[in-house]
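Asks: Here are the chains, one letter per residue:
Number of protein chains: 2
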Amino acid sequence: METVEIGDQLRIEVCYSPALFPVYYQSKNCVVVVIDVFRATSAICTAFQHGVKEIIPVATIEEAKEYQEKGYLVAAERNGEVVEGFDMGNSPFSYMGEEIKGKKIVLTTTNGTNAIERAKAADQLIIGSFLNLKAVCSFLEAAQKNVILLCAGWRDRYNLEDSLFAGAVIHSLSNNPRYTGLADSSIAAMHLYGLAKYDLSAFLASSSHRNRLKRLNLERDINYCLQENTIDLVPIFEGNALFVNRA
Amino acid sequence: METVEIGDQLRIEVCYSPALFPVYYQSKNCVVVVIDVFRATSAICTAFQHGVKEIIPVATIEEAKEYQEKGYLVAAERNGEVVEGFDMGNSPFSYMGEEIKGKKIVLTTTNGTNAIERAKAADQLIIGSFLNLKAVCSFLEAAQKNVILLCAGWRDRYNLEDSLFAGAVIHSLSNNPRYTGLADSSIAAMHLYGLAKYDLSAFLASSSHRNRLKRLNLERDINYCLQENTIDLVPIFEGNALFVNRA
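So the protein sequences, as listed, match chains A and B.
Per the numbering used here, the first sequence starts with residue 1, numbered consecutively.
Per the numbering used here, the second sequence starts with residue 248, numbered consecutively.
Calculated directly from the structure, the hints in this document are not laboratory data.
Don't take each hint at face value.
Restraint ranges, calculated between C-beta atoms of paired labels, are given here [claimed, not checked]: (1) B:Phe340 - A:Glu238: 52 to 60 Å; (2) A:Lys120 - B:Arg462: 30 to 38 Å; (3) A:Ser27 - B:Glu309: 24 to 32 Å; (4) A:Ser201 - B:Glu466: 37 to 45 Å; (5) B:Ser385 - A:Ala202: 28 to 36 Å; (6) A:Asn176 - B:Arg467: 29 to 37 Å; (7) A:Asn176 - B:Asn464: 30 to 38 Å; (8) B:Asn487 - A:Thr60: 36 to 44 Å.
Calculated pairs, SDA-like style, for lysine to any residue (alpha carbon to alpha carbon, straight line, at most 25 Å) [unchecked claim]: (9) A:Lys104 - A:Gly51; (10) A:Lys214 - B:Gln256; (11) B:Lys444 - B:Asn458; (12) B:Lys461 - A:Phe139; (13) B:Lys367 - A:Val23; (14) A:Lys197 - B:Leu442; (15) A:Lys28 - A:Phe139.
The beta carbon of each residue, even a glycine, is placed where N, CA and C say it ideally should be.
Assemble the whole structure, with the sequences as input and the hints as a guide.
Replies: Next comes the structure, spelled out in structure tokens:
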């Protein structure tokens, strides 16, 4: 197994589509950060902040239904909307109430849970969003492993908001001399974040998913998801579910 | 078949890896621009400028050998170097002599010919490089079709120089009101080009492939490939080969 020695340069790459994950995933010995800013990974961070015990991500509606039949609380989103017959979708505002405290939640979304599914063989898989940006960076610096920032994108296409979050992580880690040898994908993401950081919302004004959510009257969700460092925890995937490691 | 009506908005997307091409290629009715700035597509443009009649791109060394046995002039590059036993690699400077005038050349490269191979089912496939930037943009405006800018990348990974060229094309076409609805991938590429355009070479100073070529003493090739608008033609793929359509 490839190991990272103390003092070695650490590699950070951005994988802009779940479909490219096999290209970037060359060794188990890395941390994969799954990113779906609008809205799955923002919702997951919010849920743990509000006391959810465990989130079981599943890739398909069929699996979600099986859990529902067993009595689980199940969230299902496709194309920005709650799937009929399920308790909730992926709006962060659905994960703030008393009724979810201490609960296990099963979750399937258009992009985010697909990205988790593809990357779950990695040594460590964590959940990133602007809400827990600083906690994610601290986790990565402590882990001292190579990093793959996996953008959930939109149906395997590149998207802007996930790329910006990847850029924010690299921007923060680039002060650490162990991460100086940046991959091209990381250089690009860092430059984009540099352009956008003073007003993420304005920069995303013409992005496709922001407009998709705007059409669905989800402006409140967008603004919520673009806040930085409001949540100080890092959800980690272990076994078949996400748990929290309070930073 | 999906058709583009006069007056419709045209879609431009950047596909950052040949491995993602099936995700972006939703309809045959589009122009695919294959981009491998360092150096395959720059070399192809140069070859046609110097009178090559036809270039047959092949994906594997085995196919290249078969052509060689039939007496063809064959160019083969892997990892930046000429493959042993072949006439030339993909340095543009190999495609400037009298000996190639009027010839058919067979070409296989690490990334560029792989990208052509994956995209050749498209209605129109053309070759883009900074050298023929303006000619490519004129071709696209005349074609009035949706556009996929296909970055050859590096072994299916994202790379910076191909993304910058994609951004240069979008930057130019964005003045045309038919292309206003830009995909996220296009917005990102255009921003990057905006940051880099005044000094492409400096912007690419830390990019991985530029440094790979620098280690191989190919600085002269790098500087050559970053010139804009020195070649006024567009190589087009038809049948199994590239030809020239003088712009």
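Asks: It remains to establish, for every hint, whether it holds in the given structure.
Replies: So, going through the hints one by one against the coordinates:
1. For the hinted restraint 52 to 60 Å between Phe340 (chain B) and Glu238 (chain A), the CB-CB distance of approximately 55 Å keeps it satisfied.
2. Between Lys120 (chain A) and Arg462 (chain B) the Cβ separation comes to about 37 Å, which falls inside the hinted range of 30 to 38 Å.
3. Checked against the given bound of 24 to 32 Å, the beta carbons of Ser27 (chain A) and Glu309 (chain B), roughly 29 Å apart, stay inside it.
4. Under the hint 37 to 45 Å, the C-beta atoms of Ser201 (chain A) and Glu466 (chain B), about 42 Å apart, fit the expected range.
5. A hinted range of 28 to 36 Å holds for the C-beta pair Ser385 (chain B) and Ala202 (chain A), which are about 33 Å apart.
6. Hint check: Asn176 (chain A) to Arg467 (chain B), Cβ distance near 35 Å, so the stated range 29 to 37 Å holds.
7. Remark: the range hint 30 to 38 Å for Asn176 (chain A) to Asn464 (chain B) is upheld by a beta-carbon distance near 32 Å.
8. Checking the proposed 36 to 44 Å range against Asn487 (chain B) and Thr60 (chain A) shows it holds: the Cβ atoms sit about 41 Å from each other.
9. Taking the CA atoms of Lys104 (chain A) and Gly51 (chain A), the gap is near 10 Å; set against the 25 Å cutoff, the hint holds.
10. Distance hint between Lys214 (chain A) and Gln256 (chain B) is fulfilled; the C-alpha atoms sit about 21 Å from each other, no more than 25 Å.
11. Of the pairs offered as hints, the one joining Lys444 (chain B) and Asn458 (chain B) holds, with about 19 Å between alpha carbons and a cut-off of 25 Å not exceeded.
12. Distance restraint check for Lys461 (chain B) and Phe139 (chain A): the Cα-Cα separation of roughly 35 Å exceeds the 25 Å cut-off, and the hinted pair is therefore not satisfied.
13. Annotation: proposed proximity of Lys367 (chain B) to Val23 (chain A) holds, straight-line Cα distance about 22 Å (limit 25 Å).
14. Under the criterion of a C-alpha separation no larger than 25 Å, the hint pairing Lys197 (chain A) with Leu442 (chain B) is consistent with the structure, at around 15 Å.
15. With a CA separation close to 17 Å, the supplied pair Lys28 (chain A) and Phe139 (chain A) stays within the 25 Å bound.
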